[in-house]
Structures are given as C-alpha cells and as structure tokens.
Amino acid sequence: MIAKLLETIGNTPLIEINNFIKNREGNILLKYERSNPGGSVKDRPALHIIEYAEQHGLLKPGGTIIESTSGNFGISLAMIGAVKGYHVIILADPKITDANLALIKSFGAEVIIVTEQDNSGSYHKTRIALANKMAKKIENSFRPDQCFSLLNSDAHYKKTAQELKNDCGQRISILIAPVSTGGQLGGISRYLKENIPNIKIIGVDAVGSSVFGGTEHSYKTPGVGLSWTPCNLNLNYIDCVYKITDEQAFVTARAFAKHEGILMGPSSGACALVALSLVQSVTVDGYIISMVSDGGERYISTLFNDDWMKNQGFSTNYDINTIRFLARQLTPWSIKPSECSNYNSGLINILNVPTTTLDINSKFQCRTNENMDHPSPMNPSPS
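When you number the sequence shown by the working numbering, it's gap-free, plus one each residue, and the end is 1368.
It should be emphasised that the hints constitute simulated quantities derived from the structure, not laboratory data.
Yeah, the Cβ is synthetic: ideal placement off N, Cα and C, and Gly gets one too.
Possibly wrong hints are sitting among the right ones.
Unchecked claim - Computed spacing ranges between beta-carbons, pair by pair: (1) 987 - 1012: 31 to 39 Å; (2) 1243 - 1182: 18 to 26 Å; (3) 1335 - 1203: 17 to 25 Å; (4) 1302 - 1179: 38 to 46 Å; (5) 1331 - 1091: 34 to 42 Å.
To be verified - Calculated lysine-lysine pairs in the DSS-like style (CA-CA distance at most 30 Å, straight line): (6) 1069 - 1205; (7) 1080 - 1121; (8) 1144 - 989; (9) 1143 - 989; (10) 1090 - 1205; (11) 1321 - 1295.
I would like the entire structure built from these sequences, with the hints used as guidance.
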C-alpha cells in the first residue's frame, strides 16, 4: 500500500494476549496504538484538531502551533508540523523523558522546559498558562489545547471508538482506558455507550491525580492524571475507576514486554493490570479491551532502566504469577465516578483559556454534554 504519512494514522490492530491468561478465563485484547506513525494514540486528536483549525481558518500556512505537553501529544504535533510546514513550540516540564525530548526535537520543534510547579505539585497549570500567554503574543499561532478543547474527545468519538466497534461488533464487554487529558476515555466511552448496550467502561488514573477526586500529590506515571476533571470527560459514561500506583504501572509494563513480547508505556501497564484483575474476577461473554496508548521505546531511560527502577524503590520481580497476584489485589477507587467529579470552571479564567477554544467548544457543547447532570468547565453550574 502506498500512502502519505498522515494517512497512516488509525486502523491500529487489536492484539490477543496469551501467557497471562489461564484456561477458561476471558479474552483480553490490546488496542495497540503504537502502530500509528508518531507512535501513540495522540496522533489521532493531534491531526483532528490541526485539520479542523486549517479548515476554519484558525491556522494558516507558515503558522505556529503552541502546546503544553511533556509527551506523546507533543511528538504527534511536532511530526504533523514537519509534514505541513508549521513551526511547533512545545512547553514541557522536567518529567519529560530523554527519548520524548529527542523525538520532539528531531521533527524540528522548539521545546521550552517549564520548571515552576503548580499548586498540585505538578506542572500542568503553569505549562498551560504560559502556552496561552505565548499564543496571545505570537502572530498566526494556534493552541490545540488538548486539556480544554472538545475536539480532543471528538477525535476518539469519530475514529478510535468506531474502529473498535467495526472490529468487534457487539462483542466488547469491557473497555479500559487511561484518563490522560480526558479525550481518549471521554470520546470512546460516549460512542460505545451509545452503540453497545450493557458495555462497561473502566477509567484508569494514577494515585496522586485528582481527576476522580482524592488527595493530590506528585506521581511518575506519564499519560494519566490532572488536578481537575477535564471537560472532555463526561463521568456519566464511566462505570468504574481504578487508581494505580507508579510501581504497579511500571512493573506491569515491564512484565508484558518480558512475557508477552509487547512493548507499552506505564499508563498502558496500569490499564493492562486492571484488565488482568477483571479477567480473573469477572465472567464475560465478549472481549475485555485495554487501550495501549504507546510503545515502550520512549521510556528506555526510565521504565526499562534497571538502575532507574531501583532508585525509585520499585521492585524488579515481575514474573507472570507475581503480576497476576498483584492484579487480584486491586480494588476500584470508585464504582460511582459521577459522584467523584472535580470540575473546576474557574480554570478558564485562571489559565486564560483561548477564546478560540471556547468558540470551538460552543459548536460541540450541546452534543457532547447532552443529558449531563454535572457542571463542566465549559458548562458551569449557576453557583
């Protein structure tokens, strides 16, 4: 097949796992987003948002893309910028891995490291605020704004979720996805809940994140977590939430490489651990699908570095029985996620969310938040 690079985004495979599954247990399939050209699921919303901006005159030839991200979304935008001839500025933080930094720069993007922590001990809010400030100063610039733009979840609603249904039909019993910036879990959950009766949607977050409430503190698992519930995520579509520790996420990802030959990052390890928990405790007729947001190559200096793991105090014992036992000990953080919301409408003003994002969201608000019984940053309650 001959194709242009950006045409190869999507249509990623579903991979069966075998060695972690015992006889008469259910079937786990991994949605393997590593096969996208940028190496992660973030290629999907990145392209969707940029194409929307082009079609509506928000991003013109020779323009600048400015975004806050320390990982996959930045790599995706940098790749797309290289293809389309845009200057890309990525605001990252000290948690960015050497591999991610090198990949972003390899596509010609500029990287600014934000070292000021926000009130949660993370860097999300300070990065976003600076990105918004820069976007106001730089002419012909555009903020994809993955944390606040509803185009993020729209990409997964229109593409990722429909691929899953096309490949599996009505046989999906459980879908497991990391929360990230809300787009992946939000878009997939909305589409599947609308089209597959009785499906269960499981969200996975990091211990230390407060997307689903709880105490905030720093954590090392990339690709999950915020200190608020993102507007892309309607908690009414989520049936259950697990919070996974850093060690659990990292050790499981290493185990899947060693015992299944499947490379994945830590957030995917967290989801895979939940899948292993459910396959041992729940009887299902169809598939348990766990999202694999990226591969493991970009975590060589952390996840797959023995010295780094030991310095974090993480175990290096990750045989199959150990991981299966670890999975059996998991308990849900919440079986009523809609009661754990942490929406913060005030962030729009605090972080100076661009008017372009608010204008875009107004076009999607009625459909995305239909029948919502909770406030969101783009649809705040009267109080």
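For each hint, the structure was consulted:
no. : hint                    : result
1   : 987 - 1012: 31 to 39 Å  : 34 Å, holds
2   : 1243 - 1182: 18 to 26 Å : 38 Å, violated
3   : 1335 - 1203: 17 to 25 Å : 20 Å, holds
4   : 1302 - 1179: 38 to 46 Å : 43 Å, holds
5   : 1331 - 1091: 34 to 42 Å : 38 Å, holds
6   : 1069 - 1205             : 33 Å, violated
7   : 1080 - 1121             : 26 Å, holds
8   : 1144 - 989              : 18 Å, holds
9   : 1143 - 989              : 21 Å, holds
10  : 1090 - 1205             : 22 Å, holds
11  : 1321 - 1295             : 36 Å, violated
In this structure, the earlier hints numbered 2, 6 and 11 are contradicted, and the remaining ones agree with it.
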